[in-house]
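Got chain G; can you put chain V on it based on the hints?
Number of protein chains: 2
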Amino acid sequence: MKEIEGGICAVAGVSAYGVKEGKYGLAVILAEGPAAGMFTRNKIVAAPVVLTKGLLETRPRLSAVIVNSGNANAFTGEEGLKDARAMGRELAETLDLDPESVGVASTGVIGHRLDLSRIKGQLPGVLKGLEASPAGSLAAAKAIMTTDTFQKEVAVELKSGIRIGGIAKGSGMIEPNMGTMLSFVYTDADVPADVLEAALREATALSFNMVVVDGDTSTNDMVLLTATGKSGVKPCMETLDEFREGLTYVLTTLAKMVAGDGEGATKLIEARVKGAKTAEDAKLAAKAIVRSPLVKTAVFGKDPNWGRVIAAVGYSGAELDPEKVSLSFAGGAEEVTLVESGKVSGSSGSLESLKKVMESEEIIITVDLGLGEEAATAWGCDFSYDYVRINAEYTT
Amino acid sequence: MKEIEGGICAVAGVSAYGVKEGKYGLAVILAEGPAAGMFTRNKIVAAPVVLTKGLLETRPRLSAVIVNSGNANAFTGEEGLKDARAMGRELAETLDLDPESVGVASTGVIGHRLDLSRIKGQLPGVLKGLEASPAGSLAAAKAIMTTDTFQKEVAVELKSGIRIGGIAKGSGMIEPNMGTMLSFVYTDADVPADVLEAALREATALSFNMVVVDGDTSTNDMVLLTATGKSGVKPCMETLDEFREGLTYVLTTLAKMVAGDGEGATKLIEARVKGAKTAEDAKLAAKAIVRSPLVKTAVFGKDPNWGRVIAAVGYSGAELDPEKVSLSFAGGAEEVTLVESGKVSGSSGSLESLKKVMESEEIIITVDLGLGEEAATAWGCDFSYDYVRINAEYTT
Chain G
2 MKEIEGGICA
12 VAGVSAYGVK
22 EGKYGLAVIL
32 AEGPAAGMFT
42 RNKIVAAPVV
52 LTKGLLETRP
62 RLSAVIVNSG
72 NANAFTGEEG
82 LKDARAMGRE
92 LAETLDLDPE
102 SVGVASTGVI
112 GHRLDLSRIK
122 GQLPGVLKGL
132 EASPAGSLAA
142 AKAIMTTDTF
152 QKEVAVELKS
162 GIRIGGIAKG
172 SGMIEPNMGT
182 MLSFVYTDAD
192 VPADVLEAAL
202 REATALSFNM
212 VVVDGDTSTN
222 DMVLLTATGK
232 SGVKPCMETL
242 DEFREGLTYV
252 LTTLAKMVAG
262 DGEGATKLIE
272 ARVKGAKTAE
282 DAKLAAKAIV
292 RSPLVKTAVF
302 GKDPNWGRVI
312 AAVGYSGAEL
322 DPEKVSLSFA
332 GGAEEVTLVE
342 SGKVSGSSGS
352 LESLKKVMES
362 EEIIITVDLG
372 LGEEAATAWG
382 CDFSYDYVRI
392 NAEYTT
Chain V
2 MKEIEGGICA
12 VAGVSAYGVK
22 EGKYGLAVIL
32 AEGPAAGMFT
42 RNKIVAAPVV
52 LTKGLLETRP
62 RLSAVIVNSG
72 NANAFTGEEG
82 LKDARAMGRE
92 LAETLDLDPE
102 SVGVASTGVI
112 GHRLDLSRIK
122 GQLPGVLKGL
132 EASPAGSLAA
142 AKAIMTTDTF
152 QKEVAVELKS
162 GIRIGGIAKG
172 SGMIEPNMGT
182 MLSFVYTDAD
192 VPADVLEAAL
202 REATALSFNM
212 VVVDGDTSTN
222 DMVLLTATGK
232 SGVKPCMETL
242 DEFREGLTYV
252 LTTLAKMVAG
262 DGEGATKLIE
272 ARVKGAKTAE
282 DAKLAAKAIV
292 RSPLVKTAVF
302 GKDPNWGRVI
312 AAVGYSGAEL
322 DPEKVSLSFA
332 GGAEEVTLVE
342 SGKVSGSSGS
352 LESLKKVMES
362 EEIIITVDLG
372 LGEEAATAWG
382 CDFSYDYVRI
392 NAEYTT
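Protein chains in written order, with this note's numbering: chain G, 2 to 397; chain V, 2 to 397.
Certain hints may be false.
A pair counts as met if it fits within one copy or between any two copies, since identical chains are not told apart.
[Claimed, not checked] Below are the DSS-like pairs computed for lysine-lysine, each with C-alpha atoms no more than 27 Å apart in a straight line:
no.: 1; residue 1: K44; residue 2: K275
no.: 2; residue 1: K24; residue 2: K344
no.: 3; residue 1: K44; residue 2: K160
no.: 4; residue 1: K275; residue 2: K54
no.: 5; residue 1: K278; residue 2: K303
no.: 6; residue 1: K44; residue 2: K121
no.: 7; residue 1: K54; residue 2: K325
Derived from the structure by calculation, the hints contain no laboratory data. A quick note: this is a predicted structure, and the numbers were derived from the prediction, not measured.
Next up, chain G with everything else stripped away, as it sits in the complex (with noise of 0.2 Å):
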């Protein structure tokens, strides 16, 4: 597997363009082929998730997604639903595909009617743009972006010839059900629908739905993958484990993106925990640590409070003996172990090498249980001012 460049038109079969103005955006992608979806657990979803997730559970095949950002038509009701149909039938209908072949998303404010006469007003403009080309990625994925400060797109193609690529937003209101707002990724691979929705079901698994920026669940997540089967090979034993990869791969990336990218991030969290009774209990203890304010906090100050995971791991929920837990950090070249099972490390030496591990943008931190042989990761970002300063200015 290798890392190449174009986002979701590196993989052939694959248009897309998007166009932003101020705080609303629109991007549409082509791509016919069977189809897949994870979407939010919130009790409330927003129409254009009701919409999706029907169509897929009706028949799981995409012709073209169309995507808004600035107003996320959740809590609309009704008359939300419709506009969410309205959208996606104006794309079929301007390119003559069938409407229930269109997925719709959208992100943005909660409780707000969907502005159509807007988005019927960019769409000309996307649809002259639409491109199979790096160019087209690129605009699609920076049309969907509402708080975040930069693009996430990536692609990669496997030994077999298969091309994956996805792009994704998202940096707030992120946790533990869904990890971004929003994804599309698509693949040239020739693969039915039932076996790209277990694929995606686990490579979510491992990725979007391990990354915490804020514990806030959003109302419109969601993660489509289409298969185009362009390229022909249709993935079976070795081959599918390494599409599996493959795709795994492109999701982490994605997720670590929207993670570093966070509300007024200014560092990247990755916590590690191995040794752990169950899968579940490794799951519940890493992302305690990236979801903890405390751990955040101390993160963004570079302040070299260890003590914090130790009370985050401790009140997860996850199986724990202290006098078993060994604790480390790591960052740029330096690494450090504070606690080996149950004991601090007295010396002085590791203050002073956790203090220069902060400073690094990544900061690893590793927690081994000692219980058993589970493990799980997870990533967040550091908690800043920015993060409040955003936040508290969002709809004013």
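Same frame as chain G, but now just chain V:
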């Protein structure tokens, strides 16, 4: 029931004092009688919690409590437990008390050994200052503060003549299992330990356990209730109900002080959830609102972004029907309904009213789930720049 002055020293049989030198405080409270305690549910349990919980399990009776601030004596292993015992014994030997009747509590940084010599050095000054007057309660309440910006004291006198008084500390690292790091409550009622325990459990569930500052649960949380019996009143039937109400009032008042004094807080948020199908649903939803970083930053920024409340209830785990939810905000003299049975208020006036509400120092958010009869109230504070500053700089 009426509020009276004097804090814990309003209760006959209680004398107290404390000193504070920089970060490091020491308080002693003398009061003899049956006692009950509630302790952190974090799996990393600080040494003083292990010790004091063990004492009360063996014999539910206290003669004194010694409390230090500045060092939590948590994650300090066997030595930590020895240090906690030595701290209690120092007081017991000086005053000729049974060491098994001296409760010990600590608050501060995790993972560092206690400096016993400092505590021994401060103790004579504290003992010299001990007094059964408001000044004694105040000194103790101040000595146990860490990042608290004001001391937390309250006392009431019931119709039956019984008095109940409490002090508390705690502003960050506070979450569901116990709302404050430390609270010491006294009554002159003549109550056996098992009745105290039941009343304390109930009152804690309605007060400290409904406070969320940042979602982190401390390793050191502790609430102790001691009954001196000096009023000579043995509450039973109606007077017992009044005692339980009085205790809940004292704990709720302290809990709201703790919430309003959350690190960096500028506003108190009260989330009232009603119409829930189950009591558990009501609690989940109320806590999710006051825990949500997005709600907290919106309140800090006076941003009328009510959709975040809906999203938080949506992921809280509480049963929810979007078409039955109602939502209103109140603050000062202003009250505004934003959603009624799933319908969003269309008037632009309501957003203007909400902006006025957001100017208030106490914001009351009421959610009616419209599904049943259960209700719950939770308290929290907003999330400000100062929360980040305080926690980014805590140990360094």
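Hint by hint, here is what the structure shows:
no.: 1; hint: K44 <-> K275; verdict: between (32 Å within a copy, 18 Å between copies)
no.: 2; hint: K24 <-> K344; verdict: between (51 Å within a copy, 26 Å between copies)
no.: 3; hint: K44 <-> K160; verdict: neither (41 Å within a copy, 47 Å between copies)
no.: 4; hint: K275 <-> K54; verdict: neither (35 Å within a copy, 31 Å between copies)
no.: 5; hint: K278 <-> K303; verdict: neither (31 Å within a copy, 45 Å between copies)
no.: 6; hint: K44 <-> K121; verdict: neither (30 Å within a copy, 55 Å between copies)
no.: 7; hint: K54 <-> K325; verdict: between (45 Å within a copy, 23 Å between copies)
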